[in-house]
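Enquirer: What follows is the residue order along each chain.
Protein chains: 2
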Amino acid sequence: MGFWETIVPKYKEIIRKYLNDKDENILYQGQKLSRKLIEHQIAPEEVISLHKSIMMEDNYSARKIIDSFDVLLEVMLGYGLAYREHQSLRTEQL
Amino acid sequence: MGFWETIVPKYKEIIRKYLNDKDENILYQGQKLSRKLIEHQIAPEEVISLHKSIMMEDNYSARKIIDSFDVLLEVMLGYGLAYREHQSLRTEQL
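Taken in order, these protein sequences are the chains called A and B.
With the first letter of the first sequence counted as 1, position 1 gets the number 216 in my numbering; the numbers rise by one all the way through.
With the first letter of the second sequence counted as 1, position 55 gets the number 270 in my numbering; the numbers rise by one all the way through.
Hints listed in this document are in silico derivations from the structure and should not be mistaken for laboratory results.
These numbers were taken from a predicted model, which means no experiment stands behind them.
Hints are supplied without guarantee of correctness; some may be wrong.
Put simply, identical chains are the same to the list, so a pair is met inside one copy or across any two.
Simulated crosslink set (PhoX-like; lysine-lysine; CA at most 20 Å straight-line) [claimed, not checked]:
#: 1; residue 1: 237; residue 2: 227
#: 2; residue 1: 227; residue 2: 267
#: 3; residue 1: 279; residue 2: 267
Please take these sequences and the hints and turn them into a complete structure.
Expert: Pasting the structure below:
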């Protein structure tokens, strides 16, 4: 099973749990997932696309979709950090 | 007026237009905006946060919110490109 096939159910589960419990500890799992995604060179737009497809499949309400942005935000925070890290490396080298 | 204050209404307008017309040419404006955001070192998580707040404010339906992911995808594509560019620069230097 490829990396992506293992990620889809994990990401889905994090969203489902977060939307059910609104427990912020679950967002920490999003952070961990983010690191794995970056390690495996998954592009940020692929995460957006996955998020969209989960929202479509699971027929969430507008309220739930809006809440689900918290998970996406957490994952993108990891991308932001990695991006800034590369940027500062680049600046150092200029 | 700061950069961010000029971006918020622009991003809002792109979403509004896209949701009304579903015209893919509008997504091109998202690409252009993406480049500006990156230039001004706006983090990807800030874009997610802005997107969420627009969805909340404008009281969009679940269907519209799902459609709005196309705009977010377009913007994140720019971040993905910039990120990969930095990554390949870094690899070259290793």
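Enquirer: Take the hints in turn and mark each one as holding or not.
Expert: Hints, verified against the model:
no. : hint       : in the structure
1   : 237 to 227 : within (15 Å within a copy, 27 Å between copies)
2   : 227 to 267 : both (11 Å within a copy, 19 Å between copies)
3   : 279 to 267 : both (13 Å within a copy, 12 Å between copies)
Figure legend: structure checked against the earlier numbered hints; every hint is met.
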